[in-house]
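Asks: For the protein sequence lines, the chains are P and D, in the order given.
Okay, so the first sequence: first residue is 1 according to the working numbering, each after it adds one.
Okay, so the second sequence: first residue is 1001 according to the working numbering, each after it adds one.
FYI, nobody ran anything at the bench for these hints, they're computed from the structure.
All C-beta atoms in this analysis are idealised placements derived from N, C-alpha and C, irrespective of residue type, glycine included.
There's no promise every hint is true.
Derived CB-CB ranges, DEER-like [what the hints assert, rightly or not]:
hint, chain 1, residue 1, chain 2, residue 2, range
1, D, T1162, P, G16, 47 to 53 Å
2, P, L141, D, D1154, 50 to 56 Å
3, P, E150, D, S1063, 24 to 30 Å
4, D, D1136, P, L141, 45 to 51 Å
5, P, S138, D, D1136, 16 to 22 Å
6, D, V1156, P, E150, 41 to 47 Å
7, P, W163, D, A1008, 40 to 46 Å
8, P, D112, D, R1014, 31 to 37 Å
9, P, G180, D, H1161, 47 to 53 Å
10, P, R22, D, G1163, 33 to 39 Å
11, D, Q1160, P, V27, 41 to 47 Å
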Amino acid sequence: MRHLDHAAALALVQGGGDDVERQHVAVCARCRRLAEECTHLLAGLQAVAEAPAPPQRLLRWARAYALTMEPAPNRWRALQLLSQGTPLVATTRAAARTGAALLYGDDRHQVDLRIVPTRSGRCRLHGQIVPLASSPVSPWLISAVGPEGEVVRTTSDDLGEFWLPELESWNGASLVATSGEDRVVVACVGPPLGAGGDGGPT
Amino acid sequence: MPGRVLLALVKGCRAGQAAAWDELLERYGKLIWSVTLHLGARQDEAEEVFQRTWVAIVEGIHSLRDPSRLAGWVATTARHQTYRLFAEQGRQRRLASLDESDSEAREAATTGDADTERLERVEQIAALHGAMDRLDPRCRELLELLFLRDPPMDYVTLSQHTGLAVGSIGPIRARCLARLGKAFHALYQSSAAKDR
Chain P
1 MRHLDHAAAL ALVQGGGDDV ERQHVAVCAR CRRLAEECTH LLAGLQAVAE APAPPQRLLR
61 WARAYALTME PAPNRWRALQ LLSQGTPLVA TTRAAARTGA ALLYGDDRHQ VDLRIVPTRS
121 GRCRLHGQIV PLASSPVSPW LISAVGPEGE VVRTTSDDLG EFWLPELESW NGASLVATSG
181 EDRVVVACVG PPLGAGGDGG PT
Chain D
1001 MPGRVLLALV KGCRAGQAAA WDELLERYGK LIWSVTLHLG ARQDEAEEVF QRTWVAIVEG
1061 IHSLRDPSRL AGWVATTARH QTYRLFAEQG RQRRLASLDE SDSEAREAAT TGDADTERLE
1121 RVEQIAALHG AMDRLDPRCR ELLELLFLRD PPMDYVTLSQ HTGLAVGSIG PIRARCLARL
1181 GKAFHALYQS SAAKDR
């Protein structure tokens, strides 16, 4: 008998095929290997199908984040979360349990962000952008950008501090701060726990 | 043809097109999440890694040399970011003298002492995504609807959705699976060879 091709091997491991093919696979190492590979493929497909999807709010954030970026990558700096002090892992979720404080930073700026839940289930943001070099603090234009575009904007004071008022559509937004040639993007997934459950649509 | 689709996708993302980013997220969002969870991240850690990975992708897509390897690149980025987070945690947890047993487990994960099986599963998932990328759009759509959708689409609904005759779906499905199998095995063996 001729060796099995991919289609025949796949049919066989899915319960198809005939006795001749089954007997051939039992004695042919090459076809047995192919059948095993097909079993792997089907198991992989099943694993991908059954894998949980990331939370919707994370997907909304990712979309908004990508769209706040400009095509030229050297025009902006995406800050990585720092994990100095508590919480050790500075995710929004982890931070929410310890006062909703987030600290971001790179080699040029530090951004301290505090998410303050309100009774209405919305949240306010209090933040400060501080340059790490000894240069003076310059005013920043702060803009919260959600999946549908800019939600709200404000400017920082002479200490780099800013407040964003109650945000109805904060969920899934990025914070974009611009000052001259500098552009800082801070990723914020959603309201902290207690302000909006697991961060569903607000 | 599939290569052109990926090239157009990458170009669209580089140009800041919303539809391209949506497509990228649709294709690989679950891949990032799966890689991270399979490597042992908790939910909150996975969220952190997802953000870091996405930031790296948004930045790195401008310098990506080979768009045909998009799935592999995304999976590798997610894997690196997961290990990076584990390494940071291990360091910080030692400093904070917290939960030594957990810290040791993380250390083992970052130094490759354990979890060959998990790594293999990650390679398998990444290879499968890469193989799906190598299919023509019709095959890709058919297999997604038949295997990856929850719940999978039945033949009658699939026929209405795609315009294919119900009787032709079985043979087309078999041909598409065979193509997927060839691409999958080539990618999987290649990644396994790289790891050896």
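Asks: Does each hint hold? Answer for all of them.
Replies: Each hint, compared with the structure:
Roughly 23 Å separates the CB atoms of T1162 (chain D) and G16 (chain P), a value that falls outside the hinted 47 to 53 Å. Restraint check, L141 (chain P) to D1154 (chain D): a C-beta distance of roughly 53 Å satisfies the suggested window 50 to 56 Å. In this structure the supplied range 24 to 30 Å holds for E150 (chain P) paired with S1063 (chain D), their Cβ-Cβ distance being about 28 Å. Separated by about 46 Å at the C-beta atoms, D1136 (chain D) and L141 (chain P) satisfy the suggested range of 45 to 51 Å.
Distance hint check for S138 (chain P) and D1136 (chain D): the Cβ-Cβ separation is about 53 Å, which falls outside the suggested range of 16 to 22 Å. Between V1156 (chain D) and E150 (chain P) the Cβ separation comes to about 46 Å, which falls inside the hinted range of 41 to 47 Å. Our hint of 40 to 46 Å for W163 (chain P) and A1008 (chain D) holds, since their Cβ atoms are close to 43 Å apart. Judged by the Cβ atoms, the range 31 to 37 Å given for D112 (chain P) and R1014 (chain D) holds: they are separated by roughly 32 Å.
Between G180 (chain P) and H1161 (chain D), the C-beta spacing of about 52 Å keeps the proposed range 47 to 53 Å intact. A C-beta distance of roughly 36 Å is found between R22 (chain P) and G1163 (chain D), which places it inside the suggested range of 33 to 39 Å. A hinted range of 41 to 47 Å holds for the C-beta pair Q1160 (chain D) and V27 (chain P), which are about 44 Å apart.
Hints 1 and 5, counting from the list given before, are not met by this structure.
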